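Numbering (the working numbering), first residue to last: 355 to 456.
Hints in this document: simulated from the structure, not taken from any laboratory.
Predicted model only: the values in this text are computed from it and were never measured.
Treat the hints with care, as some may be off.
[What the hints assert, rightly or not] Just the calculated beta-carbon pair ranges, DEER-fashion:
1. G447 with K383: 34 to 42 Å
2. E369 with A397: 15 to 23 Å
3. E404 with T432: 16 to 24 Å
We put the CB at the ideal spot given by N, CA and C, even for glycine.
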Amino acid sequence: MHYRIDATFARCKQEGKTAFITFIPCGYKEKADTIPILLACQAGGADIIEVGIPYSDPGADGPVIQRAHQNGVDQGITFADVLQTVSDARAQGLTVPVVLMG
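With the hints as extra help, turn the sequences into a complete structure.
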């Protein structure tokens with residue numbers, strides 16, 4: 355199940371580089387922005403993308419991430435929306451590994 359992630363870390367190790375991992379909360383800034391942001395992260399060289407599942411109590415995160423999560427909560431972003439967004443991004447050419455964070 356972790357094949358893409360394992361393969362990515364192995365490739366980065368082979369290339370002698372640190373993996374570039376980006377994070378975007380699903381729905382930030384608007385729901386429609388997420389797919390273009392994911393594709394831009396990939397185009398910018400991201401090796402792995404973490405997609406945040408918005409939730410109402412991200413107390414362990416800093417204030418910027420807390421506000422981004424709240425933005426998703428305010429839009430009513432659900433887990434199903436996150437899965438659909440990643441699926442739609444894959445259909446539009448997203449190939450890098452994606453990790454869902456919640």
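Structure-based check of all given hints:
no. : hint                       : verdict
1   : G447 with K383: 34 to 42 Å : violated, 22 Å
2   : E369 with A397: 15 to 23 Å : holds, 19 Å
3   : E404 with T432: 16 to 24 Å : holds, 18 Å
In this structure, the one hint that does not hold is number 1.
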